[in-house]
Amino acid sequence: MIDPIFLAEAAINGILLGGVLALLALGLNLIFGVIDIVWIAYVDLVMLCMYLVYFLVQVYGWPVWAGGLAAVALGAALGIAVHLLIISPILGSAPINQLLATGGLLFFLQSFATFLWTTDHRSVRLSLPSYDLGGIFLPLTRVIPFAISILALVALYLFLTRTFVGTAIRAVSQDREAMGLMGANPHRIYLVTSAVGGLMAGLAGALLIFLYSVHPFFGGQLGPLTFMICVLGGLGNMVGAFVASFIMSEIISIAGVLWSTEMGYVIAFVVFIVMIFVRPGGILARRG
Amino acid sequence: MRRALVPVLAALLALAPLVPMAGMKQYVLHVMIQILIWSFIGGAWSLMGRFGLVSLGHGAFLGLGAYATVLLWNFWAWSPWLGGGVAVVLTGILAAVVAYPCSRFQVVGHYFGLVTLAVGEVIRLLIIAERDWTGGSLGVSLKPVGGDSLWALQFADKRVFYYGALALWLAGLWVWHRVDRSMARSAMEAIGEDETAAASVGIHVTRFKIAITVLSAALTAVGGVAYAQYIAYVNPDTLAGIGVSLRIVFAVVLGGMYSLLGPAVGAALTIALSEWLRIAFGLKLIGMAETIYGFLLVVFIIFLPAGIVGSAGGLFRGAPR
Amino acid sequence: MSLLELTGVTAGYGHFTALWDVGLRVERGEAVAVVGPNGAGKTTLLRVISGVLPVRAGTHTFDGAALAGRPAHEVVAHGIAHVPEGRRLFPLLTVADNLKMGAYLGRARKQYAETLARVYALFPVLAERRTQRAGSLSGGEQQMLAIGRALMSCPRLILLDEPSMGLAPVMVLRLFDLIRRVREEGYTILVVEQNVRQVLKLVDRAYLLEVGRIKMEGRAAELSDQDFVRKAYVGL
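Residue numbers (the numbering used here), protein chains in the order written: chain R, -1 to 286; chain D, 867 to 1187; chain L, 26 to 261.
Hints in this document: simulated from the structure, not taken from any laboratory. In this text, all values refer to a predicted model and were calculated from it rather than measured experimentally. Any given hint might turn out to be false.
As the list claims (entries may be wrong) - Here are the computed lysine to any residue pairs in the SDA-like style, where the Cα-Cα straight-line distance is at most 20 Å:
id : chain 1 : residue 1 : chain 2 : residue 2
1  : D       : LYS1150   : R       : PHE110
2  : D       : LYS1150   : R       : PHE113
3  : L       : LYS226    : L       : ASP252
4  : L       : LYS135    : R       : ASN183
5  : L       : LYS135    : R       : PHE162
What the hints assert, rightly or not - Facing chain R, a subset of chain L residues (Cβ under 7 Å, in silico):
id : residue
6  : ALA97
7  : PHE115
8  : LEU117
9  : ASP122
10 : LYS125
11 : MET126
12 : GLY127
13 : LEU130
Unchecked claim - A few chain D positions that, by computed beta-carbon distances, are all more than 12 Å from chain R:
id : residue
14 : LEU948
15 : SER1007
16 : SER1015
17 : VAL1045
18 : SER1048
19 : VAL1071
20 : ALA1084
Even glycine gets a Cβ: it sits at the ideal position worked out from N, Cα and C.
Chain R extracted, bound-state conformation (with noise of 0.2 Å):
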């Protein structure tokens, strides 16, 4: 039987995974919920981003903040131009297309980065305190990008709810042709959408690099479970997906300390596959 401690070890972890988990649901769920497109590459350009930190911090010596500001920006010009060079051309055809589109930016992010920097694994090494609640061990370095994520996410609120662009976006997430009608021009809507959307995967990537190391198919790890947290949640549904990503990442964590880690994200899939069946519209949904 396991120690009680390490299930509360894990179940905390969860939570503190879960808050950078929604970072990037809510990014991707944000792009979809506008512009009705899955960036199937989303995580790659995660992953883009934590290989700059690690660049910047462990090579070159840069603060951390100043790293994680750099991938913030990278990440906000890296959704500009997957939005100008890839969706904005595709934005009328089959959505067999797009989703082909963007898979094959994954193929080549993914090769490119293996190209430039080899299968290694990198890693940021930061010795920070950890701190011991009862016999929980806490460490400083998931304690903080919980917390940042957390921030972000309030962020995020107060721009989508109190500013004119945010609301425009979940304007537009709604009746794309009716906010046509109040004179907004939905292309410049997309094209902040995808700038925020990639913002968020920039400061996803400045918070994880100092959870994982990155190695090019890092994308196709946290890739796939991104995609199902949204649609758990409701493809679409911010709300729905923050709650998803708890959801997720409590069910990996414990799961992961029970069994291993790749059962853990064997059950969540299968938890989630299971969930789209009882819930299809997304755990959220309506009934009816």
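Using the hints, position chains D and L against chain R.
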């Protein structure tokens, strides 16, 4: 376009058996065999894809087919003919289990794609997790039987595999053709356009969707068996997961999802491209070949959305896009 | 020079032509109606004016500026607000947020607070329900919100597409009263309506559109005596 197909097909069929005779290099034969097998697999996928059931998880069926046969042979000396049968049954069950709720609860479009993606990943991760008997990420080699054996489906001479793959591909074309001609096709098209309307006319939507999914999955599994027997080595990343699933979809869409020869054209092009890039770059610039491959895929999708056969057909018909 | 002028407009969807050689004009401060049976092309006409649908032939000028072929968001920037058929509100946004989106344009945003006060004064019900989700309002309230949202863009011309659609008869009377009040505030209005009798009481002039062509036009009072109005009344 249909009428143009017949002479093309006839020419291919006439030439195909002669291919290995001309003292052809082993390498070229190797590439041709792969093209045939992947064309078959692509064709299997397109049975679903052409009706709007876009699966991003066919790697699951491929992997199940391949691993079931290899493991049953390695551990219990089950002939791949038996093992393949088991694989087909297992994949069929998996497909039905996934397709039934998807159909009943109207899980379509993006949702369906992502659910199938999850299924594909589950299989891949399961294979890796159970590394004690599956070999995990390192994969598993087929235990050699030494020499040729029909019962073990292992042959020293590639030419046997060539003819086998050719027969398989032709069988796949026949299935595609039959589905194309059948009531199922009209039913599926109706379903694709308007499910509610289709149901109201009495079309048993669920039954058709499940049937097509099971057929597609079973054929894919057979493709997996063929691949495993030929390459004699299986690996979770080449045979399961999002990578291979996307490649299958890419090849079919590039070639043309709605035509008989589309999957073959697509497979031929993507494999030829991939091999050419691999040779061009050799061992220097590791990853550059794949990078260019990915880049070209994106460019193709943006500029040739109807696929090659689709676009060429459009040219002949002068059809407006 | 008329505020809005269409001449020889032909437009349609794919192989289908919905409008043939349509001409109409709206003067500043006027209220004009376009009436006609279902399928006559009334909604198509509005979509052409607001830039959602391109024209195949003909001109379309607004205050002298040629607008044919301009995308919807540019047309709005020129000062045309379109209240679409079925309202097209943002269902999950609050009343206040819906109104806010109406003022999205830079020019309107500067006067946001002022315009909002005016709209709340015109439609006190909206002020009461400002934090309620638009999707949960009643039909009449939704129509009010849709009109209010259009007002937020400080338009020079308001297009109303079948405002009485889906409303109970009592609501319809109240609605036209409201439109009358909006009109009194000085806005120029072009209404497309099936409810011929009610709308003719509201407007100065009207056009009859049938099967994509303008069959008749004239002052509202004259048209009220016409056969087709009486027929429509009996049909109702």
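Now for the hints, and whether the structure bears them out:
1. Only pairs whose Cα atoms come within 20 Å are accepted, and LYS1150 (chain D) paired with PHE110 (chain R) is accepted, the gap being roughly 14 Å.
2. Taking the CA atoms of LYS1150 (chain D) and PHE113 (chain R), the gap is about 10 Å. The hint holds against a cut of 20 Å.
3. Restraint check: the Cα-Cα separation between LYS226 (chain L) and ASP252 (chain L) comes to about 16 Å, which is no more than 20 Å; the hinted pair holds.
4. For the hint pairing LYS135 (chain L) with ASN183 (chain R), the CA-to-CA distance comes to about 18 Å; that is within 20 Å, so the pair holds.
5. Among the hinted pairs, LYS135 (chain L) with PHE162 (chain R) is consistent with the structure: their alpha-carbon atoms are about 12 Å apart, no more than 20 Å.
6. With its C-beta approaching chain R no nearer than about 4 Å, ALA97 (chain L) sits inside the 7 Å limit, and its interface hint holds.
7. Hint status for PHE115 (chain L) relative to chain R: holds, with the closest Cβ pair at about 5 Å, below 7 Å.
8. Because the closest C-beta pair between LEU117 (chain L) and chain R is about 6 Å apart, less than 7 Å, the hint holds.
9. For ASP122 (chain L), the interface hint holds, since its Cβ comes within 7 Å of a Cβ in chain R; the closest pair sits about 5 Å apart.
10. The restraint placing LYS125 (chain L) at the interface with chain R holds, with a minimum CB-CB distance near 6 Å, inside the 7 Å limit.
11. At its closest, the beta carbon of MET126 (chain L) sits 5 Å from a beta carbon of chain R; the interface hint therefore holds under the 7 Å criterion.
12. Evaluation of the GLY127 (chain L) hint against chain R yields a held restraint, the C-beta minimum of about 6 Å falling below 7 Å.
13. Because the smallest distance between the Cβ of LEU130 (chain L) and any Cβ of chain R comes to about 4 Å, under 7 Å, the interface hint for this residue holds.
14. Even its closest Cβ contact with chain R, about 28 Å, leaves LEU948 (chain D) beyond 12 Å, as expected for a residue assigned away from the interface.
15. No Cβ of chain R comes within 12 Å of the Cβ of SER1007 (chain D); the nearest lies about 22 Å off, and the non-interface call holds.
16. Annotated as non-interface, SER1015 (chain D) keeps its C-beta farther than 12 Å from every C-beta of chain R; the closest such distance is 35 Å.
17. At the 12 Å boundary, the C-beta of VAL1045 (chain D) stays outside the reach of chain R, the nearest C-beta of that chain being 19 Å off.
18. Chain R leaves SER1048 (chain D) outside its interface by the beta-carbon criterion, the shortest separation being 23 Å against a cut-off of 12 Å.
19. With a least beta-carbon separation of about 15 Å from chain R, VAL1071 (chain D) lies farther than 12 Å from that chain, consistent with its non-interface assignment.
20. Every Cβ of chain R is farther than 12 Å from the Cβ of ALA1084 (chain D); the closest lies at roughly 20 Å, confirming the non-interface assignment.
Violation of the numbered hints given earlier is absent; every hint is satisfied by the structure.
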